[in-house]
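Chains as they are written, first to last, in the numbering used here: chain L, 12 to 127; chain G, 631 to 741.
The set of hints was computed from the structure by calculation and includes no laboratory data. Mixed in with the good hints there might be a few duds.
[Said to hold, decoys possible] Computed beta-carbon distance windows for the label pairs:
| hint | chain 1 | residue 1 | chain 2 | residue 2 | range |
| --- | --- | --- | --- | --- | --- |
| 1 | L | Ser65 | G | Thr698 | 28 to 38 Å |
| 2 | L | Lys25 | G | Gly646 | 40 to 50 Å |
| 3 | G | Gln644 | L | Leu37 | 35 to 45 Å |
| 4 | G | Glu684 | L | Met56 | 22 to 32 Å |
| 5 | G | Asn635 | L | Val14 | 23 to 33 Å |
| 6 | L | Asp38 | G | Asn740 | 21 to 31 Å |
| 7 | L | Glu33 | G | Ser712 | 25 to 35 Å |
Beta carbons: idealized from backbone N, C-alpha and C, even for Gly.
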Amino acid sequence: GAVVSQHPSWVICKSGTSVKIECRSLDFQATTMFWYRQFPKQSLMLMATSNEGSKATYEQGVEKDKFLINHASLTLSTLTVTSAHPEDSSFYICSAYSSSYNSPLHFGNGTRLTVT
Amino acid sequence: GQQLNQSPQSMFIQEGEDVSMNCTSSSIFNTWLWYKQDPGEGPVLLIALYKAGELTSNGRLTAQFGITRKDSFLNISASIPSDVGIYFCAGLVQGAQKLVFGQGTRLTINP
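All chains should be modelled from the sequences, with the hints used to inform the complete structure.
Pasting the structure below:
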């Protein structure tokens, strides 16, 4: 149980374009989803917390207008990187939380974004 | 903000050796988690600790939640090649349900 699916697993886009990443909880309803960013050889840094049906809460220093988060249902959250630039190239990982599980926060397999 | 200090940053060991890594924090966490991340993949939960002083095993892995709730260690016994990867400790911020991660320990095993 507690499977989190992320799509796509990798994407290459041109500078100035927007990219959407999906995060789905496959076998449970996730009241909260989290988006992390990980640069090479570094740890995971939380970007934002997404609650179903409400606005996302962004961590300090994360531009909410650049990283648009939509959590339209209990099984899907999306992260859109708008007007992407090369410095946005990173590994983006989502995680999902359900109060039904004792083990919180299972992660998706991540999305490798490369902006050229 | 809350930070976790994880050490060592990297380890180079021989297959069959035991491994120990730890995390400390200036803040108290009510839940402590250990994850393993393989290249290009998301972290996989290894062990979750919920009570101060708790000692939990998962196969060859053993983790303990410090009695002060400010530290934890992870031990791997009789390491095998598939143990290679990056291990992260993480503290769960109660209420917010978000994780604060350590810097990671990169484990390399020589056959």
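Hint check results:
no., hint, result
1, L/Ser65 - G/Thr698: 28 to 38 Å, "holds, 35 Å"
2, L/Lys25 - G/Gly646: 40 to 50 Å, "holds, 49 Å"
3, G/Gln644 - L/Leu37: 35 to 45 Å, "holds, 39 Å"
4, G/Glu684 - L/Met56: 22 to 32 Å, "holds, 27 Å"
5, G/Asn635 - L/Val14: 23 to 33 Å, "holds, 32 Å"
6, L/Asp38 - G/Asn740: 21 to 31 Å, "violated, 39 Å"
7, L/Glu33 - G/Ser712: 25 to 35 Å, "holds, 30 Å"
Comparing the model with each numbered hint stated earlier shows that hint 6 is the single one that does not hold.
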